[in-house]
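Make a model of the complete structure from these sequences and hints.
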Amino acid sequence: MTRRTLLLIGAGHAHLHLLRHRHRLPVERLVLVDPGGFWYSGLATGMLGGRCSPEADRIDPAALARRQGADACRARLVGLDARLRQAHLDDGRTLDYTLLSLNIGSSVRYPTPLPDGLECWPVKPIPCLLALRLRLARDFSLGKTLRLVVLGGGASGVEVACNLRALARWHGATAEIILLTGHSGLLSQAPPGAVAWLRQRLEALDIQVRPHAQAAPADADHLIIATGLIAPAVIERLGLPARAERGLVVTETLQSPATPEVFAAGDCAALDGYRLPRLGVHGVRQAPVLLANLVASLTGKAPSARYLPRRHALSILDLGDGQGLALRGRLWWGGRLALLAKRHLDTRFLARYR
Numbered sequence: 001m002t003r004r005t006l007l008l009i010g011a012g013h014a015h016l017h018l019l020r021h022r023h024r025l026p027v028e029r030l031v032l033v034d035p036g037g038f039w040y041s042g043l044a045t046g047m048l049g050g051r052c053s054p055e056a057d058r059i060d061p062a063a064l065a066r067r068q069g070a071d072a073c074r075a076r077l078v079g080l081d082a083r084l085r086q087a088h089l090d091d092g093r094t095l096d097y098t099l100l101s102l103n104i105g106s107s108v109r110y111p112t113p114l115p116d117g118l119e120c121w122p123v124k125p126i127p128c129l130l131a132l133r134l135r136l137a138r139d140f141s142l143g144k145t146l147r148l149v150v151l152g153g154g155a156s157g158v159e160v161a162c163n164l165r166a167l168a169r170w171h172g173a174t175a176e177i178i179l180l181t182g183h184s185g186l187l188s189q190a191p192p193g194a195v196a197w198l199r200q201r202l203e204a205l206d207i208q209v210r211p212h213a214q215a216a217p218a219d220a221d222h223l224i225i226a227t228g229l230i231a232p233a234v235i236e237r238l239g240l241p242a243r244a245e246r247g248l249v250v251t252e253t254l255q256s257p258a259t260p261e262v263f264a265a266g267d268c269a270a271l272d273g274y275r276l277p278r279l280g281v282h283g284v285r286q287a288p289v290l291l292a293n294l295v296a297s298l299t300g301k302a303p304s305a306r307y308l309p310r311r312h313a314l315s316i317l318d319l320g321d322g323q324g325l326a327l328r329g330r331l332w333w334g335g336r337l338a339l340l341a342k343r344h345l346d347t348r349f350l351a352r353y354r
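Be aware that the sequence shown starts at 1, since it is given in the UniProt record's numbering, and climbs by one per residue.
To be clear, the hints were calculated from the coordinates, so they are not data collected in a lab. Warning: the hint list may mix true and false statements.
[To be verified] Here are the simulated SDA-like cross-link-like pairs (lysine to any residue), alpha carbons at most 25 angstroms apart as the crow flies: (1) K301 <-> P257; (2) K301 <-> S315; (3) K124 <-> A220; (4) K144 <-> I178; (5) K124 <-> R343; (6) K124 <-> A72; (7) K301 <-> A258; (8) K124 <-> R328; (9) K144 <-> P122; (10) K301 <-> G42; (11) K124 <-> R210; (12) K144 <-> R169; (13) K301 <-> V31; (14) K124 <-> A75; (15) K124 <-> S315; (16) K301 <-> T253; (17) K144 <-> A173; (18) K124 <-> R169; (19) K301 <-> P241; (20) K144 <-> A72; (21) K144 <-> V209; (22) K301 <-> R3; (23) K124 <-> P111; (24) K124 <-> V234; (25) K124 <-> P232; (26) K124 <-> G79; (27) K124 <-> G42; (28) K124 <-> K301; (29) K301 <-> T98; (30) K124 <-> T112; (31) K124 <-> H183.
Next comes the structure, spelled out in structure tokens:
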């Protein structure tokens with residue numbers, strides 16, 4: 001290999017930051033490997049509910065890469081030879097690298113066994129929610145009355161259920177919406193006051209909340225799976241230390257302890273000593289640390305920037321009816337101002353990369 005090459009696998013929050021700061025990376029070649037567009041999770045359920053267009057929720061990372069003088073390769077990683085520093089792609093190509101960084105997000109944990117006879121829609125990848133929106137819009141336009149079941153009582157499940165109601169109302173349609181929570185209940189990590197407030201909102205939206213132990217109705221038309229996120233399966237095929245379902249093990253410098261030439265950030269990274277929730281905010285906050293340590297490695301210095309997660313992170317749920325629910329540790333607030341704050345943060349993030 002004659003040119004120093006930084007290989008970015010995936011176009012998550014952290015890698016968008018690296019592309020934006022391409023001028024700070026002292027490599028002859030920067031290559032982004034990604035199978036398609038970046039879909040922003042913060043607007044995904046708003047897109048499902050019909051208030052956000054697919055275009056507003058998507059960024060073309062390949063175009064961003066080209067604007068910054070980087071190469072873009074539409075493919076997926078299928079294997080890694082860390083000794084030879086080679087990445088193997090699903091189209092048969094092999095790419096050499098000096099340093100490699102993983103930022104490939106997460107996938108949905110499927111319940112087993114899946115109910116028979118139901119059309120199932122995972123909340124990730126996000127284009128599945130767009131396909132669901134188009135399918136339901138067609139059915140609503142035909143005057144169908146649907147029974148929709150959402151599996152999972154966490155933030156994703158709540159947002160999906162609320163935005164399904166918003167979509168039905170947008171079309172003037174009738175739909176029965178059932179939210180099956182996990183055994184730990186509705187928003188298990190939220191303060192009791194926030195859960196009580198949310199239950200009132202769900203009741204006002206005519207969304208039934210039932211325990212997960214209760215099976216999905218046999219006559220349901222669609223099952224939406226929001227039962228938690230896990231690291232992509234490829235992580236455990238790379239031959240590097242990984243934590244089952246959590247991701248590639250990395251130190252506080254975001255490097256693999258076994259192979260310091262390999263970095264990882266976001267949902268596909270398992271920070272040693274922590275069990276971080278699957279929130280985009282961690283990828284965003286890890287981005288400057290990742291950039292600093294890549295620059296250090298490329299200039300012959302020891303990476304010294306460390307990612308130390310804050311005890312609490314802000315998350316804001318979009319409840320589909322102009323209301324939001326903001327959560328940060330034991331603090332919470334609900335209402336229109338919470339949703340306005342969410343929209344401000346989402347708009348500001350996306351504007352950086354357009």
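Legend entry - Unsatisfied constraints (hint numbers, rising): 2, 10, 20, 28
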